[in-house]
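Undergrad: Chain by chain, the residues run as shown.
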Amino acid sequence: MMKSARIALLAATLLTTACATNPQKYAWGTYDHSLYVYYKDPAKAAALAQSLEATISAAEKTNAIVGPGIYAEYGYLLLQQGNNTAAIDSFRKEATLWPESKVFMNHMIQAASGPQHKTAAKGSQG
Amino acid sequence: MRTLSSSLLTIAALLTLGGCVTAPPKANFTQFRTENPKSILVVPAINKSVDVNAPDYFLATISEPLAERGYYVFPVNMVRSVMADDGLNDANLVHSGDPRRLGELFGADAIMYISIERWDAKYAVLSTTVTVELNYTLKSSHTGATLWHNHETKVYQPQAASGGGLAGLIADAVEAAVTKAAPNYIPLAQQANAHAVDTKGTGLPAGPHDALYLKDTQDF
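Sequence order for the protein chains is A and B. Position one of the first sequence corresponds to residue 1 (my numbering), numbered consecutively onward. Position one of the second sequence corresponds to residue 1 (my numbering), numbered consecutively onward.
Next comes chain A alone, as it looks inside the complex:
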């Protein structure tokens, strides 16, 4: 009887671990949900920016890595708010953390540094 109980336990363990999802690589905060809320009501861009800022500062405090794109998304919202200096800072962080983003981030940094910064990627058209 003891034996079958142990086997049942083993079976249960196998079952619960079989589908266990791997721990996440990155800190995402409420990125997906905040984006969804923003798309539901595009007037809430400021709330999206706040939630990204909270995700970033929480991750930086615990030395966690934010998901790819988070710094860039935050930077873009700052750019839309007219805060170009902080936007550029955020784009630089994205490019440093993720070299894959360098081409895109350099376009954005250039656009945000110039006099015309509303239409960010215009410079990449030609």
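Incorrect hints may appear among the rest.
Residues from chain B that keep clear of chain A, each with C-beta distances beyond 10 Å, as calculated [claimed, not checked]:
(1) I46
(2) D51
(3) S63
(4) T143
(5) H149
(6) Y156
(7) G164
(8) E175
(9) V178
(10) H195
Subject to a maximum C-alpha distance of 16 Å in a straight line, what follows is the list of computed EDC-like cross-link-like pairs (lysine to aspartate or glutamate) [what the hints assert, rightly or not]:
(11) K26/B x D216/B
(12) K40/A x D51/B
(13) K40/A x D56/B
(14) K26/B x D219/B
(15) K25/A x D210/B
(16) K48/B x D90/B
(17) K102/A x D89/A
(18) K122/B x E133/B
(19) K25/A x D198/B
(20) K200/B x D216/B
(21) K102/A x E104/B
(22) K44/A x D56/B
(23) K48/B x D120/B
Distance windows between CB atoms, simulated [unchecked claim]:
(24) G97/B x P42/A: 18 to 28 Å
(25) Q50/A x T34/B: 36 to 46 Å
(26) R92/A x D216/B: 27 to 37 Å
(27) Q50/A x P25/B: 12 to 22 Å
The set of hints was computed from the structure by calculation and includes no laboratory data. Backbone N, C-alpha and C define an ideal beta-carbon position, used for all residues, glycine too.
Given the coordinates of chain A, work out where chain B should sit on it, guided by the hints.
TA: For chain B alone, kept in the frame of chain A given last:
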């Protein structure tokens, strides 16, 4: 006793094997392995559903599973806005365009094109069925070749929880009506994405930020 324990173990083993995924035939990864893309640009989805909000809502669900698989995923909302500013806000046009051009603009290795086939809730008095159906195509922005393709359908039908009787029937009808009024597609889209990306044999091979990068050729 012996037969009981061994049959219990067999059942456990079978459940374990079958618990997560039924192994579909392995897809062809030859072109994918030739290029081993490191970064993915997700462009706005084509919408074949009747819900005009589906592409945006869907966009909110796609970054995490791809990034957690080990790829650099370009910021989806920023990409969407920048493309719209550049006049690239027609998803159909973007999907039929040259992936190499987009790759150049953003410095991306691969472009993910997603088509929303279904995103709807069907009401049948006592139960509402919510369906999300998606087509995923990853194309190389270096050669234009298709690197990977997948298709997912996820259906949600609330369980009829009534204990029977008229009261139960009314409860079911109310729940179905509520689901119909405010169907929540996001969990279905998340499940579809996770299954599309993570399933051995048909999902995406581990990307460069994953420990299994280039070490999972048996499965992919």
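Undergrad: Now tell me if each hint is right for this structure.
TA: How the hints compare with the structure:
1. I46: For I46/B, whose nearest Cβ neighbour in chain A is about 17 Å away, the distance exceeds 10 Å, so it holds.
2. D51: D51/B clear of chain A: closest Cβ-Cβ about 12 Å, beyond 10 Å.
3. S63: violated (6 Å)
4. T143: holds (18 Å)
5. H149: holds (23 Å)
6. Y156: holds (17 Å)
7. G164: holds (32 Å)
8. E175: Since the minimum Cβ distance to chain A is about 23 Å, E175/B lies beyond 10 Å and the statement holds.
9. V178: Correct as stated: the minimum Cβ-Cβ distance to chain A is 18 Å, above 10 Å.
10. H195: Non-interface label on H195/B holds, nearest chain A Cβ at 12 Å vs cutoff 10 Å.
11. K26/B x D216/B: Measuring from Cα to Cα gives roughly 12 Å; hence the hint holds.
12. K40/A x D51/B: The given pair, whose Cα atoms are some 13 Å apart, holds under the 16 Å limit.
13. K40/A x D56/B: holds (9 Å)
14. K26/B x D219/B: holds (7 Å)
15. K25/A x D210/B: holds (9 Å)
16. K48/B x D90/B: Judged against 16 Å, a Cα distance of about 13 Å means the pair holds.
17. K102/A x D89/A: holds (14 Å)
18. K122/B x E133/B: holds (14 Å)
19. K25/A x D198/B: holds (14 Å)
20. K200/B x D216/B: Holds - the C-alpha atoms of D216/B and K200/B are around 9 Å apart, at most 16 Å.
21. K102/A x E104/B: holds (12 Å)
22. K44/A x D56/B: holds (15 Å)
23. K48/B x D120/B: holds (11 Å)
24. G97/B x P42/A: 18 to 28 Å: The hinted range 18 to 28 Å holds for G97/B and P42/A, with Cβ atoms some 26 Å apart.
25. Q50/A x T34/B: 36 to 46 Å: holds (44 Å)
26. R92/A x D216/B: 27 to 37 Å: holds (33 Å)
27. Q50/A x P25/B: 12 to 22 Å: Since Q50/A and P25/B have Cβ atoms about 47 Å apart, the given range 12 to 22 Å is violated.
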